[in-house]
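Okay, here's what each chain looks like letter by letter:
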Amino acid sequence: SQELEQSPQSLIVQEGKNLTINCTSSKTLYGLYWYKQKYGEGLIFLMMLQKGGEEKSHEKITAKLDEKKQQSSLHITASQPSHAGIYLCGADIVGSNTGKLIFGQGTTLQVKP
Amino acid sequence: GAVVSQHPSWVICKSGTSVKIECRSLDFQATTMFWYRQFPKQSLMLMATSNEGSKATYEQGVEKDKFLINHASLTLSTLTVTSAHPEDSSFYICSARAQFRGGTDTQYFGPGTRLTVL
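Read top to bottom, the protein sequences are chains A and B.
The opening residue of the first sequence carries number 1 in the working numbering; numbering runs sequentially from there.
The opening residue of the second sequence carries number 1 in the working numbering; numbering runs sequentially from there.
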């Protein structure tokens, strides 16, 4: 079983619609990272969350961390075709300042114009 | 933002040969870099942690003699796939850990290297 579960696995939305991607950990979260990847390319850093209740926004993307539920959500407002790609959450579940991350299986987003 | 490069971006080699992949942090120093492997339509799997000035630490199941890692400087780590076989074909991605003042600790990823072993 996955230590970090993302849902949904894939998503198709109409341009302009809002959407949410969830990331749930089976272990304590010491840090939660969101990245975007285009197939066959590297990962683009979006946001990092560390503290319970923390919320960060960048342009139309907002991420929140619920430390108690060991869960994070990524919300995109008024989606655009440029938002299409694979969204990956990465988590530090080790702590101890190792920097090691495990990743969810990814959520593939398609935005229809 | 912090930039990490990888070279080459893709490589095709014959079975039995060795391939070296470089990972560089271009505008910051990274005492720690990580090497991941990604299979098609799957997530990233951490292979090893590359530490500047010391030996790499490998995840369970990853052969250290097969995947040689050298962290030569604060901006360069190399992964050498020795005696490559078709099952080593994959997408290899590195990340560099950036620890800035104020406690920000973030990993920035390279663009990846596609290895195909014939």
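Rather than coming from a laboratory, the hints here were simulated on the basis of the structure.
Don't take every hint at face value.
[To be verified] List time: in silico DSSO-like cross-link candidates among lysine-lysine, alpha-carbon distance up to 27 Å:
{"#": "1", "chain 1": "B", "residue 1": "K20", "chain 2": "A", "residue 2": "K100"}
{"#": "2", "chain 1": "B", "residue 1": "K66", "chain 2": "A", "residue 2": "K27"}
{"#": "3", "chain 1": "B", "residue 1": "K41", "chain 2": "B", "residue 2": "K55"}
{"#": "4", "chain 1": "A", "residue 1": "K69", "chain 2": "B", "residue 2": "K20"}
{"#": "5", "chain 1": "A", "residue 1": "K68", "chain 2": "A", "residue 2": "K112"}
{"#": "6", "chain 1": "B", "residue 1": "K14", "chain 2": "A", "residue 2": "K100"}
{"#": "7", "chain 1": "A", "residue 1": "K112", "chain 2": "A", "residue 2": "K51"}
{"#": "8", "chain 1": "A", "residue 1": "K51", "chain 2": "A", "residue 2": "K68"}
{"#": "9", "chain 1": "A", "residue 1": "K112", "chain 2": "A", "residue 2": "K69"}
{"#": "10", "chain 1": "A", "residue 1": "K17", "chain 2": "A", "residue 2": "K100"}
{"#": "11", "chain 1": "A", "residue 1": "K38", "chain 2": "B", "residue 2": "K55"}
{"#": "12", "chain 1": "A", "residue 1": "K27", "chain 2": "A", "residue 2": "K68"}
{"#": "13", "chain 1": "A", "residue 1": "K17", "chain 2": "A", "residue 2": "K38"}
{"#": "14", "chain 1": "B", "residue 1": "K55", "chain 2": "A", "residue 2": "K17"}
{"#": "15", "chain 1": "B", "residue 1": "K66", "chain 2": "B", "residue 2": "K20"}
{"#": "16", "chain 1": "B", "residue 1": "K41", "chain 2": "A", "residue 2": "K38"}
{"#": "17", "chain 1": "A", "residue 1": "K27", "chain 2": "A", "residue 2": "K51"}
{"#": "18", "chain 1": "A", "residue 1": "K64", "chain 2": "A", "residue 2": "K112"}
{"#": "19", "chain 1": "B", "residue 1": "K41", "chain 2": "A", "residue 2": "K17"}
{"#": "20", "chain 1": "A", "residue 1": "K38", "chain 2": "A", "residue 2": "K64"}
{"#": "21", "chain 1": "A", "residue 1": "K112", "chain 2": "B", "residue 2": "K41"}
{"#": "22", "chain 1": "B", "residue 1": "K55", "chain 2": "A", "residue 2": "K36"}
{"#": "23", "chain 1": "A", "residue 1": "K100", "chain 2": "A", "residue 2": "K112"}
{"#": "24", "chain 1": "A", "residue 1": "K64", "chain 2": "A", "residue 2": "K51"}
{"#": "25", "chain 1": "B", "residue 1": "K14", "chain 2": "B", "residue 2": "K64"}
{"#": "26", "chain 1": "A", "residue 1": "K100", "chain 2": "B", "residue 2": "K64"}
{"#": "27", "chain 1": "A", "residue 1": "K112", "chain 2": "A", "residue 2": "K27"}
{"#": "28", "chain 1": "B", "residue 1": "K41", "chain 2": "A", "residue 2": "K64"}
Here is what the structure says about each hint:
no., hint, verdict
1, B:K20 / A:K100, "23 Å, holds"
2, B:K66 / A:K27, "31 Å, violated"
3, B:K41 / B:K55, "31 Å, violated"
4, A:K69 / B:K20, "42 Å, violated"
5, A:K68 / A:K112, "35 Å, violated"
6, B:K14 / A:K100, "32 Å, violated"
7, A:K112 / A:K51, "35 Å, violated"
8, A:K51 / A:K68, "11 Å, holds"
9, A:K112 / A:K69, "32 Å, violated"
10, A:K17 / A:K100, "34 Å, violated"
11, A:K38 / B:K55, "32 Å, violated"
12, A:K27 / A:K68, "11 Å, holds"
13, A:K17 / A:K38, "21 Å, holds"
14, B:K55 / A:K17, "49 Å, violated"
15, B:K66 / B:K20, "12 Å, holds"
16, B:K41 / A:K38, "11 Å, holds"
17, A:K27 / A:K51, "15 Å, holds"
18, A:K64 / A:K112, "26 Å, holds"
19, B:K41 / A:K17, "25 Å, holds"
20, A:K38 / A:K64, "23 Å, holds"
21, A:K112 / B:K41, "21 Å, holds"
22, B:K55 / A:K36, "31 Å, violated"
23, A:K100 / A:K112, "36 Å, violated"
24, A:K64 / A:K51, "10 Å, holds"
25, B:K14 / B:K64, "21 Å, holds"
26, A:K100 / B:K64, "18 Å, holds"
27, A:K112 / A:K27, "35 Å, violated"
28, B:K41 / A:K64, "26 Å, holds"
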